[in-house]
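Student: Sequence:
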Amino acid sequence: MGRQLAGSRAQRLGAQWEAAVAGDLRRWVNDGVLADYQQCGPLIQRTGPGGRRIVIVEDEAPVDFDAWNHHGAWRFEAKATRAARWSLSQLESHQARRLTSWHRPSIGRHAGIALAFFRPDEVVSVWLPWDVLAVHWSRWASGKAKRGEASITVDDAVL
28 MGRQLAGSRA
38 QRLGAQWEAA
48 VAGDLRRWVN
58 DGVLADYQQC
68 GPLIQRTGPG
78 GRRIVIVEDE
88 APVDFDAWNH
98 HGAWRFEAKA
108 TRAARWSLSQ
118 LESHQARRLT
128 SWHRPSIGRH
138 AGIALAFFRP
148 DEVVSVWLPW
158 DVLAVHWSRW
168 ASGKAKRGEA
178 SITVDDAVL
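So the sequence shown is residues 28 to 186, counted in the working numbering.
Any given hint could be a false lead.
Restraint-style ranges between C-beta atoms, simulated for each label pair [stated by the list, open to error]:
#1 67 with 174: 30 to 36 Å
#2 59 with 124: 22 to 28 Å
#3 148 with 170: 34 to 40 Å
#4 174 with 63: 39 to 45 Å
#5 127 with 170: 15 to 21 Å
#6 65 with 124: 17 to 23 Å
#7 147 with 96: 33 to 39 Å
#8 169 with 46: 30 to 36 Å
#9 177 with 96: 30 to 36 Å
#10 40 with 170: 23 to 29 Å
#11 148 with 39: 29 to 35 Å
Derived pair list, reagent style SDA-like, types lysine to any residue, alpha-carbon separation capped at 25 Å [as the list claims (entries may be wrong)]:
#12 171 with 111
#13 171 with 115
#14 171 with 116
#15 173 with 117
#16 171 with 124
#17 171 with 161
#18 173 with 112
#19 171 with 128
#20 171 with 182
#21 171 with 134
#22 173 with 162
#23 173 with 93
#24 173 with 163
#25 173 with 118
#26 171 with 130
#27 171 with 123
#28 171 with 127
#29 171 with 120
#30 173 with 184
#31 173 with 134
#32 173 with 123
#33 171 with 114
Quick caveat, the hints were computed from the structure, so don't treat them as lab data. These numbers come from a predicted model, not from an experiment. Heads up, the beta-carbon is just placed ideally off N, CA and C, and yes, glycines get one too.
Put together the whole structure using the sequences plus the hints.
Tutor: In structure tokens, the structure reads:
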């Protein structure tokens, strides 16, 4: 499989997972679990000259989702893989920076990754809290990860 085909398959998988996450968030708003949520992305609306609304495509897009209720707020990326391992390289540096700057559990701000492993017979979804994942991602990003520490399996994620 060529790089372009692999990239477009990964993009479709990511879009499929983001749509599923948005559906769950909508349901949780309807059920009263969440107050609301917003899906962010590379298209950012800004007020331009004369008060006109303009749309900007940012090179370093915000994280995928924000959600909140009276207990706190969550900012997170939705990531998906068909592989047995999810590579930490799938989280870009700017995404990690945004998660790090947001994550303040002491004041009710939580960051993380909503990760889905698409298997032939099931989808296993997990929440990776940033205070746990950040340690692994930072070690990997600095080149200090040991063998097996550059990716996460389902078993790693659910323990």
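Student: If a hint holds in the structure, say so; if it does not, say that too.
Tutor: Now the hints, each set against the structure:
1. 67 with 174: 30 to 36 Å: 35 Å, holds
2. 59 with 124: 22 to 28 Å: About 33 Å separates the Cβ atoms of residue 59 and residue 124, which means 22 to 28 Å is violated.
3. 148 with 170: 34 to 40 Å: Since residue 148 and residue 170 have Cβ atoms about 36 Å apart, the given range 34 to 40 Å holds.
4. 174 with 63: 39 to 45 Å: Because 43 Å falls inside the window, the suggested range holds.
5. 127 with 170: 15 to 21 Å: For residue 170 against residue 127, whose Cβ atoms are near 18 Å apart, the range 15 to 21 Å holds.
6. 65 with 124: 17 to 23 Å: With a Cβ separation near 20 Å, residue 65 and residue 124 satisfy 17 to 23 Å, so the hint holds.
7. 147 with 96: 33 to 39 Å: 35 Å, holds
8. 169 with 46: 30 to 36 Å: 34 Å, holds
9. 177 with 96: 30 to 36 Å: Because 35 Å falls inside the window, the suggested range holds.
10. 40 with 170: 23 to 29 Å: Holds, at about 28 Å.
11. 148 with 39: 29 to 35 Å: Because 20 Å falls outside the window, the suggested range is violated.
12. 171 with 111: 22 Å, holds
13. 171 with 115: 13 Å, holds
14. 171 with 116: Answer holds: residue 171 to residue 116 is near 14 Å, not above 25 Å.
15. 173 with 117: Holds: residue 173 and residue 117 sit about 18 Å apart, inside 25 Å.
16. 171 with 124: 18 Å, holds
17. 171 with 161: 13 Å, holds
18. 173 with 112: 15 Å, holds
19. 171 with 128: It holds: about 22 Å lies between the C-alpha atoms, which stays within 25 Å.
20. 171 with 182: Holds - the C-alpha atoms of residue 182 and residue 171 are around 22 Å apart, at most 25 Å.
21. 171 with 134: This hinted pair is violated, its Cα atoms lying about 31 Å apart.
22. 173 with 162: Answer holds: residue 173 to residue 162 is near 13 Å, not above 25 Å.
23. 173 with 93: 33 Å, violated
24. 173 with 163: 10 Å, holds
25. 173 with 118: 18 Å, holds
26. 171 with 130: Since the Cα atoms of residue 171 and residue 130 sit roughly 23 Å apart, the hinted pair holds (cutoff 25 Å).
27. 171 with 123: Roughly 17 Å between the alpha carbons, so the hint for residue 171 and residue 123 holds.
28. 171 with 127: With a Cα-Cα distance of about 19 Å, the restraint between residue 171 and residue 127 holds, given a limit of 25 Å.
29. 171 with 120: The given pair, whose Cα atoms are some 16 Å apart, holds under the 25 Å limit.
30. 173 with 184: 18 Å, holds
31. 173 with 134: 33 Å, violated
32. 173 with 123: Since the Cα atoms of residue 173 and residue 123 sit roughly 20 Å apart, the hinted pair holds (cutoff 25 Å).
33. 171 with 114: 15 Å, holds
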